[in-house]
Amino acid sequence: MKRIICITGCLVVLLALVSCGSTSGSSGSSLVTISLGEDSTASISVTKATLFAKLKLILEKFGISTAAAAIPSNVETVRITVDAPDMAPILKTVNVAGLSSVTVTVDVPNGMKRHFLVECLDISGTVIYLGEMYIDLTGGRVSLPVSLADLYSATGAGDNTFGAGGVVTTPVSTGPSDTDEGQAIAMQSDGKIVVAGYVYYGFPVSQGDFLVIRYNPDGTPDQTFNRSGIVTADLGGGANATDDYAYDVAIQSDGKIVVVGKSNGNLAIARYNTDGSPDTVFGSSGVYTYDFGNGYEDVANAVAIQGDGKIIVAGYTTDISSSTDYLVIRYDPVANGLDASFGTNGIVKMDLSGAGHSDKANALAIQPDGLIVAAGYANNGNDYDFAVLRLDTAGKPDTSFGSGGWVTTDIAADFNSAYTLAIQQDGRIIVAGDAVTDPISGVTSFALVRYNPDGSMDDTFGVSGVVTTAINPLGSNAINDIAIQPDGRIVATGRSFSADSFDTPVVVVRYNTDGSINTSFGNNGVVQTSIGVNTSNIMRGVVLQPDGKIVVAGSTGDGYSDDVAVVRYR
234 MKRIICITGC LVVLLALVSC GSTSGSSGSS LVTISLGEDS TASISVTKAT
284 LFAKLKLILE KFGISTAAAA IPSNVETVRI TVDAPDMAPI LKTVNVAGLS
334 SVTVTVDVPN GMKRHFLVEC LDISGTVIYL GEMYIDLTGG RVSLPVSLAD
384 LYSATGAGDN TFGAGGVVTT PVSTGPSDTD EGQAIAMQSD GKIVVAGYVY
434 YGFPVSQGDF LVIRYNPDGT PDQTFNRSGI VTADLGGGAN ATDDYAYDVA
484 IQSDGKIVVV GKSNGNLAIA RYNTDGSPDT VFGSSGVYTY DFGNGYEDVA
534 NAVAIQGDGK IIVAGYTTDI SSSTDYLVIR YDPVANGLDA SFGTNGIVKM
584 DLSGAGHSDK ANALAIQPDG LIVAAGYANN GNDYDFAVLR LDTAGKPDTS
634 FGSGGWVTTD IAADFNSAYT LAIQQDGRII VAGDAVTDPI SGVTSFALVR
684 YNPDGSMDDT FGVSGVVTTA INPLGSNAIN DIAIQPDGRI VATGRSFSAD
734 SFDTPVVVVR YNTDGSINTS FGNNGVVQTS IGVNTSNIMR GVVLQPDGKI
784 VVAGSTGDGY SDDVAVVRYR
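Each residue of the sequence shown is one higher than the last, beginning at 234 in the numbering used here.
It is possible that some hints are incorrect.
[Unchecked claim] The following label-pair restraints were derived from C-beta to C-beta distances:
id, residue 1, residue 2, range
1, D584, T752, 42 to 52 Å
2, N767, T407, 29 to 39 Å
3, G675, D584, 23 to 33 Å
4, D687, K582, 23 to 33 Å
5, S697, S555, 29 to 39 Å
6, T457, Q539, 22 to 32 Å
[What the hints assert, rightly or not] In silico lysine-lysine, BS3-like type, Cα no more than 27 Å apart, as pairs:
id, residue 1, residue 2
7, K425, K782
8, K543, K425
9, K489, K425
10, K543, K629
11, K543, K489
12, K489, K782
13, K582, K543
14, K629, K582
Just so you know, these hints were derived from the structure itself, not from any lab.
As the structure is a prediction and not an experimental result, all values here were calculated from the model.
Where is the CB? At the ideal position from N, CA and C, for every residue including glycine.
Working from the sequences, and respecting the hints, build out all of it.
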């Protein structure tokens, strides 16, 4: 909701709590002055601002003085736009000078309206902090300070502008034993939300198909995407029907959607055009599959796209002894095949634990310098440990990381597995999953580990680099995905099952930068959302919107017939 404020006067002071520098300038009859009370080097550009028309966020913090929130350290630039019917928009860009506030003073002709927009940008130019307001000036002269609180101080309340109370469920299949599973989520630059997973058709079909759903920003199906917002795909097609499951999704810079998983036990990559149709120039009719020739399962669990458009996929391959090995491949869409300059003919396969033991890569990220980080687990012969592998751009183990390019972490003397990872702007790596913290009862906990850029444990995080959280102290708890806010706080989602109750809510937890629970979020750092009655809810993906809202995706149902579920928090 946009808030129109009527005041008397024509002098408005806007105080934006950001780390910014200073300068001043003017255009026509409207004077915009940015001052900090001391000199600093800065640059200004005055242009027509079309940006303001595209903004969707309205920060309703007008006229309320609030304490300065922790400002993200990665803010590089503040951009201030002034717009009104009687003037050309003015855009001011100020370089960061490491100071605590910026004051914008605008002298406006009596009775005119002015629109103000404040944005903070990181080094890549991505907006990470913004707010706007409309002010109706009707005479006299007043000064009004306005504080813009940290947008990433979301309380975890359901967003009523999304679906029903922040919740959207999507049934795709209709059979009593069919199930629809959301496995991953991505957000387009236009705010549309893409969820990938699979539809499993139960008896008598017993077969899975790729599933991709695109939602509008309000949670309604995007009918420009395959007319219904939903794409299901049998990758074999027709008489060649295959058993297909998608586990991750990524959006290319041109808007095309890349989905990875498995098809009839072979690694599979599919690419879709922006309208949901198969991209027929990719692979064979939009699908690429790879069979390692062992007759056993080869799976893509994660995908990331390089700046040059090449596609990195991580997962595992299975050998004749049924043990699995870490797998990373690079696919070149231009050559329409594996990139021979990466690893061995486009493939990196690593047996981290030795013959007869299983290793799997479940997550993937690309560092700004192009290094590739994969995370999952390794079996040391007695139990399972977090396993993190870093490769250089040619697919060789990065020997500056850990021991020979990889690190294992034994959180608890039992099963430990990483399902997701994220890279901080300072190069530190957060890996998350679950750990058996009570071997007798079998209770598993949320588990997070933070590594320094060289692979050593970050002792400033949790206890010696490790954090465990048993959301349900008598159940099964696991992190399936994490996202890092611009202020460094960590948002985690996954599952939290109870041994004595079938009703398992959606769970979202926020951690501070030191690994402690952020108690200002939800109920002492935890938000639990029930969808229906006696339902099992598992979230497998999380993304952060530019306005700070949190979107999670997964499935909800009775465990036998599930629907895709998406929940947004403000």
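A quick look at each hint next to the structure:
1. D584 with T752: 42 to 52 Å: Cβ of D584 to Cβ of T752: about 43 Å, so the range 42 to 52 Å holds.
2. N767 with T407: 29 to 39 Å: The hinted range 29 to 39 Å is violated for N767 and T407, with Cβ atoms some 21 Å apart.
3. G675 with D584: 23 to 33 Å: Taking Cβ atoms as reference, G675 and D584 lie about 28 Å apart, which means the hint holds.
4. D687 with K582: 23 to 33 Å: 25 Å, holds
5. S697 with S555: 29 to 39 Å: With Cβ atoms ~35 Å apart, the hint holds.
6. T457 with Q539: 22 to 32 Å: The hinted range 22 to 32 Å holds for T457 and Q539, with Cβ atoms some 28 Å apart.
7. K425 with K782: 13 Å, holds
8. K543 with K425: 23 Å, holds
9. K489 with K425: Holds, at about 13 Å.
10. K543 with K629: 17 Å, holds
11. K543 with K489: 13 Å, holds
12. K489 with K782: Holds: K489 and K782 sit about 24 Å apart, inside 27 Å.
13. K582 with K543: It holds: about 18 Å lies between the C-alpha atoms, which stays within 27 Å.
14. K629 with K582: Answer holds: K629 to K582 is near 11 Å, not above 27 Å.
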